[in-house]
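Go ahead and model the full structure; you've got the sequences and the hints to work with.
Chains as they are written, first to last, in the working numbering: chain A, 847 to 1143; chain B, 85 to 333.
Treat the hints loosely; a few may be bogus.
To be verified - To spell it out: a stretch of chain B is covered by chain A in this simulated footprint if at least three of its residues, at any positions, have a beta carbon under 8 Å from a beta carbon of chain A; those stretches are: (1) 136–150; (2) 189–195; (3) 205–214.
Calculated directly from the structure, the hints in this document are not laboratory data. Heads up, the beta-carbon is just placed ideally off N, CA and C, and yes, glycines get one too.
The lines below spell out each chain.
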Amino acid sequence: MKKILLLLCLLAGFIVPISAQEEEPETTPTSLPPIPYFVAENSARKFNVPLPFDWENASTDPNIAHFTHPDGLGDIYALSVDVSDPLSAVQNAIRQVLGDDVTLTSRYSGQFQLDGNDWGKFAFVADSGAITAFTQTRNEAVYVVFYDYPKTDHEFYFMAQNVVQTEEPQAAVLIALKSLYPELPDAPQSEATVTLSNGDWTRQMYETDASPVVALWQRRGAVVYIAVENGDGTVVDGVNKALFTSLFGFFVTPQNLDYLWLGLAVTFGIALIFVISLFARHRSLTRDEALVRELAK
Amino acid sequence: MSAIQSMNMPITTEIPTAPNRLWILTIATVIFTALGFVFAMFVAKTDVNQGDIQRIFYFHMPSFFGALFGFVATVIGGINFLRTRQTRWDNLALAGVEVGLALALINLATGSIWARPIWNTWWTWDARLTSAAIMCLTYAAYLMLRGGIENPEKRRMFASVYGIVAITTAILTLVIIRIVPSSIHPAVIGPSPQNAEGAFEFSQNVAMALGPNFIIWGVLIPLTLIWWRIRLQNRVDVVNLRKAEALSE
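What follows is the structure, encoded as structure tokens:
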């Protein structure tokens, strides 16, 4: 009976911690619905990318995110490629998704810094349309997010350009735009501030000999983000938020396996040291016991 | 229950052999520990945001509850020793502290290793971390206290009182993230503090790896080690008694 009571006391000891872990929330949860994420299943090359609002998840491969716009304004893909060179990785990723026979003509390439990581930026003209790609190199792999705008009578690209804190963002915008359209004039023909659901944006129109170029840009810290279209600006207004959602939310799982091994070594090491100490004390007692026996004789 | 049975053994000059139940429990603990390792490393999926280091959580949290198991055993041993003055209860209290401290050190060390890639620091004076460190130091001081008192009866009495009072540090460590909202330590079950960093969703996948390891590191391992430690202490008592007898002859 005493043993049962003792056991009950031991179990009762756990009621305090368990009840402490199940307290009611102190703060009311936010009313905003969570953004649905695509999570790659490949355990070695993990990443997650948010599904933009109003877009549909058309992913069929567990390791390739594929979001499509219901009104045909393009497709967003995200995947990882085991190639160390970003340009080769982008071409590899595009061919993996769109087919090996796709022909890619480079429009521009470069790099920018975002949240302490080096990102690559690329634009191509493909058979299917205009492709804008961003890459991040991590853990000996390249993670690629690319936007495929279907072929129409005008192009659409999405760009990012680093801007020095003291510098006017317009200079960075112009550098980026001229890498695509070198004939662009230095000043826009018209400029306006537009308020979208993701903040205030500057909308500029540049006249060129071929067709007008509409740019929508916003500065965030050390980077200026630009959505550019050589058309009437319909696409710029329609998809720039979706692309921002995907790019800002794109997250590559950090590689920290070494720390896990260290943690496991410490865990089992301490447990082993304790067991060894029991053995050592046991042996010491055995020796003491033999000595006591000798003394008794 | 069998661990308690071995505690009930009166001090005689006969040194008992380990009962079969203890060997069965030990073998089962070793097998289940290996299985728990497999669950944590291969069954649970990699956390997308934290990477592989999140797996350390399957040992970090259960080892704290294992430590708590040991410290609760110390309280039971202490209360019963003060009530009955029987040495076997003091042996339980001592075993509880030694095993609990080892598991608390595992908890503290794995937390620090997890913090390096997730918080970008090995250590910060956060409320939970500080209280866990105080808990470890408090129980380390218990062992020093025992070593510092010559008179066995006095030593057992002081240690019993100390062991009962010391549980407050473990309880405080457990509940502190609920009462100090500025803590950055995430809660596993229930809402995390407002400033918590490194929280993750308690998904079915996490529960599948945590469940077995919680039983293994929170109950099986401390129970087995406490049992062996009690047997060792019983043997110490027997040898000391024999020494005393030999010296008196």
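So is the region 189–195 of chain B in contact with chain A by the C-beta rule, three or more residues under 8 Å, or is the coverage claim wrong? holds (count 4)
At least three residues with a C-beta closer than 8 Å to a C-beta of chain A: is that true for the region 136–150 of chain B? As far as the region 136–150 of chain B goes, the hint holds, because 8 residues have Cβ atoms under 8 Å from chain A.
Q. Taking 8 Å as the C-beta cutoff, is the stated coverage of the region 205–214 of chain B by chain A satisfied by three or more residues?
A. violated (count 0)
The structure fails to meet hint 3 from the earlier list, while all remaining hints are met.
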